[in-house]
Amino acid sequence: MPSVVASITVEDTPNDGGGAVTVRWEVSADELSGGVNRYVLYRSTSQDGAFEEVGDATSNATTFIDGSTEDGVSYYYKIVPLPKSMIGQPTPPAWVDAARTAGPVSSSAQWFDWRRINVLVGVLILCVFIIYYINQAKAGKKLFIRKIAGLEAVDEAVGRATEMGKKIYYIPGTQDMDNVQTIAGVTILGRVAELAAQYETYLQVPVSRSLVLVTAREIVKEAYSKAGRPDAFQEDQVHYLTDDQFGYAAGIDGMVVREKPATIFFMGAFYAESLILAETGNSIGAIQIAGTGMPSQLPFFVAACDYTLIGEELFAASAYLSREPKLLGSLKGQDMGKALILIAIIVGLLLETFGIWNFSRLFSVIQ
Amino acid sequence: MFWEHFAVWVAAFLTLGIYSFLYKDNPWYKLCESIFVGISAGYWFVTLFWDNIYGKFWVGVFPPTHVNELGESVRTAQPDYWLLVGAVLGLLMLLRLVPKIGWLSRWSLAFIVGATAGFYLINYFSSNVMRQVQDTIMPLFGSGFDASAYVIIGNIVVAVGTFTGLIYFFFSKEHRGAFGFSAKVGIFFLMVTFGASFGYTVMSRMSLLIGRIDFLLSDWLGLIR
Amino acid sequence: MRREIPLIITGLVGIVFVVQYFIPHWPFNRMNAWFSDWFSIVQACAIWLGALNLLKISLEKIARRKSDWGYAVVIIASFLLITIIGFVEGESFRDPGTRFTWLYDFVYTPLSSTMFAILAFFVASASYRAFRARNFEATLLLLAAFFVMMGRVPVGDALTAFMPEGWRLTDLATWIMNFPQTAGQRAIMIGIALGIVSTSLRIILGIERSHLGGD
Amino acid sequence: MSTRIKEILVVALVLVFCAIIYIGKVSGWMKGVTFSPAVSMIVIILLAASLAVILVLTIRGRLVGRRTVFVYVGIAVALPLFMSISQYIPISPEVRTLHDGLEDLQDGSKVLVSFDYDPPSAPELQPMAESFFRYCMDRDFKIVIMGLWPQGPLQANQAMEKVLEDPKYAAKNYQYGVDWVNLGFQTGNEFVIQRMGTDFRSMFATDYSGANYETLPIVKNVKNFSNVDYVFNLSAGYPGTVEWVQVAVDRYGVKLGAGNTAVQAPQCYPYLRSGQLIGILGGMNGAAEFEKLTGHEAKGTKFMLSQSFSHMIVIAFIIIGNVAFFMGGRKKNLSV
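Protein chains in written order, with this note's numbering: chain F, 134 to 500; chain S, 1351 to 1575; chain Y, 1172 to 1386; chain X, 9 to 344.
What the hints contain is simulated information worked out from the structure, not anything from laboratory work. Be a bit skeptical, because a hint or two may be false.
Said to hold, decoys possible - Estimated spans, in silico, between C-beta atoms of each pair:
1. V1190(Y) x D1569(S): 32 to 40 Å
2. L21(X) x E1336(Y): 48 to 56 Å
3. S1238(Y) x E1524(S): 47 to 55 Å
4. S1238(Y) x L257(F): 54 to 62 Å
5. T223(X) x V1510(S): 52 to 60 Å
6. K275(F) x V1448(S): 45 to 53 Å
7. K275(F) x E1336(Y): 14 to 22 Å
8. G283(X) x V1510(S): 20 to 28 Å
9. D1276(Y) x L257(F): 51 to 59 Å
As the list claims (entries may be wrong) - Sample of chain Y residues lacking proximity to chain X, with all beta carbon distances greater than 12 Å (derived):
10. I1186
11. L1223
12. G1385
Backbone N, C-alpha and C fix where the C-beta goes; we use that ideal spot for every residue, glycine too.
Construct the entire structure; sequences and hints are all you get.
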């Protein structure tokens, strides 16, 4: 029998939703010599009642979270170190009796997770910046926004399709409405559809998710009526193919080579299908404008499309295209957030490099 | 026996049909494409029905019962009535099919978009902004000035790259002068990133092709031992 | 009414979902799980709309004898085939040996694997066409791709075997991946996160509302 | 003859040829082809020579189109599968870190393996899964399998079957339910991980075959992540390694190693540097390196030759493209 664990402490697991108790202990004296393979935890509702096994931990471990407690009930804990030879065999009751008891402890739920206070402060600062600049813009303050090449080209791309008398394709990604990139993608669709309606060019939107089908249809319809051509809108402009990533890619590839659209937009969340779509579009000589927040797919769009909105630019696109002051204000607020991050990085690097203060822990997100 | 041969031939026929697209669009590809669209749409249709509507909703609200040792029939789990909210949202969505009250589906959509916005706002802020900033801030020369030249140069590159890369994304300031120069350096870093990711991906994509060709040459034709 | 109520729902739900991150107490600790459950149910309901749309478009193609209408028949037939089999098989439709599994293994899998693998050809043609030393930026892209591609296969190491260990192509590729690549990824990731925060906030505040359509 | 008829003839000929080979395979008189090293060298030289011809043509101003590139890619992948040449595989630090992390575990530890991919990504990830299982068995680890992708657990079963074909591992006599278990698939993406943080059983009431969680000895004491010693994630996208890091590592502090498709891997490097991930196997190369470290060379190693060839072809065409670009006076935007 390995020597018993010298000290155990128990506490209600802090910052949680209840139902859990944290048990901490010091490793058994036999740990170093390799005489311990696992620690087995026992629990009881009375100090000298029947102790039941609630879980085990590997050697070297010094904490265990028992996530099966009932809030408000008092518990006592024991911990028994086991050598390798005892694994899989019943633990002798004497070993359990010999172990120290810790407790009582009861679990409870908390109303605020204090470990996340830094996230709260950060989010609040950023949101305050954004809201402040939105209000500034609303009040009529002029805001400068730099040129974004990919978005400057939208007009030209739609215009070219008109000249050539060919279609425009708009691909809003392959993810569903529970992805902000898709939401950004369909928002941009609204602006593009308005342009297409003005230019009287046929815009086709094949989608791969039913919720996107519903949303995109509403958006395109609204855009057509905003452009003053509600009669030109056809329901089947927006149509569903399949939820399947590659089935969708196969379908669009076929449509692209057969109908040869003059312009293709890719805006939203993409996975591996990005290059399949963009290369096929490229092979028929379409103007292609892409935008995604998928870091792993950006290189392919950069290689195969004429213009690519990189990451954050995708989320700025709807504001940029709409030129609505309120939306542009939010971009300015975002930039202030960025400026603050840059300052934090410089200050932090200086403080840490010269060993003055561990600045980065301010940004630590709880384990 | 027949089905085994038939199966591998079907698979090979479809594989070659898709590859024929590389030559040009053709009836064989069109056939495979149509089968693919139909089969995959049906696959997800069936899967979502059994996994989500049946497996998640129905079983969740009406847990199956089983007979225990005492001969009593007991539920395997507590019914979760919260799932009914999901069913209501789903039914609102289906109202699309009724033109007059189709607009009610917007409530359901509004719920999804709101939840997504809230969830992503906080999740991306904590895991991308906080975490990445935390990782960027570090002692450049190692804690205790003991890092090797390799690591020091690397650390400086990461710091400069992250910094200038972020400058590139500034929208409300013209990229001119020193600021413009930093943004330019930022683009250089983005380009290296794209090149490197692309190069890395080549490997992944080639592996997929190796897998397919291995299927054709060994599973189908048995040319490779 | 048609616009206001959805806007209020979006705003309220959005705020609740931000707040839940900080509150471990019930019911906030259940929010994420609920949403994922609810969303999956909505998704499964909504796919009926998509499927009906696919069938409708295909049927129209057949009815109007549009070009290639024969393939629309194939789409409908294969959709119905797998759907009917899937429903007949019941909840254990995915078990080994069912007809559904047969279709999955010998029709669906080869098609999707092949479509995925067609990328191998496209990465090659895209690199052939796009990786040209047009200007300094394009040259950086080209060089990074070149070194990483060489460094990820043993042959790259063999070519630089004369260099001391730690200075070979593999090491260069690793260095590029670990440092400059990480820096670029990080800038992109932080930027995306800020963009998402701003977009989400605009949605919650109701400034960005085009996804809800018109009146 | 019109092009159309020619094309149909070619397709028909190819199919007939394949049918003959297939009949040969089934009836047993066709035993497969292997190139001896000498033949392999000749093939390589011919390939290189034809590329040189293309280079000369390009310098003369005659550009090859994308179909030529396609043909070369196909050849570069297919031919090496017939060759019997071995190549030296160096070990990268991220694979070594992963291996070291595993070595640090005690014999008999409990590992959770999440299969988050489907058949299209199997070429890259299946070799990893197989060699990981082999390693686990060598060390007598208890293996708990799950999947966040519907087809993941099936891939796990296939890998297990494959490993158990080897008499060495069959002799280990791994018992289902005691030494390994497949908990199956659960919908819900990262929320599954989150709920597992408090209670595994709430997500996996039964295992893959329908047995109740409580009846499985291997998971008797497994309530949440504190009861597993190591988590290994094989991922081809979303949900995958990023979600495991964000939830399981960040919230519950698990030890996480990952096997990624090569395309996923770069996204995970930041996590590697920050210590949230203990090692990555990236793509086929990672699989081959892990096979080498664990001393059991299998498919990953075999496929690496094709991998090397295909990279060389892509690089050759990048060079040809650039030659064309510079010869064309740098101005002409050559579309191919």
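Hints versus structure:
1. A hinted range of 32 to 40 Å is violated for the C-beta pair V1190(Y) and D1569(S), which are about 54 Å apart.
2. Between L21(X) and E1336(Y) the beta carbons are some 52 Å apart, a value that agrees with the proposed interval 48 to 56 Å.
3. A beta carbon spacing of about 51 Å between S1238(Y) and E1524(S) agrees with the range 47 to 55 Å that was offered as a hint.
4. Between S1238(Y) and L257(F) the beta carbons are some 58 Å apart, a value that agrees with the proposed interval 54 to 62 Å.
5. The beta-carbon spacing between T223(X) and V1510(S), approximately 58 Å, falls within the hinted interval of 52 to 60 Å.
6. The given range of 45 to 53 Å is respected by K275(F) and V1448(S), whose C-beta atoms sit roughly 47 Å from each other.
7. The supplied range of 14 to 22 Å is broken by K275(F) and E1336(Y), whose beta-carbon atoms lie about 60 Å from each other.
8. Between G283(X) and V1510(S) the CB atoms are about 22 Å apart, so this pair conforms to the stated range of 20 to 28 Å.
9. Our hint of 51 to 59 Å for D1276(Y) and L257(F) holds, since their Cβ atoms are close to 52 Å apart.
10. Distance check on I1186(Y): its Cβ is at least 20 Å (rounded) from any Cβ of chain X, clearing the 12 Å threshold; non-interface status holds.
11. Every C-beta of chain X lies more than 12 Å from that of L1223(Y), the closest at about 23 Å, which supports listing it as non-interface.
12. Consistency note on G1385(Y): stated as away from chain X, and its beta-carbon is indeed over 12 Å from all of that chain's, at 33 Å minimum.
Of the numbered hints listed earlier, those contradicted by the structure are 1, 7.
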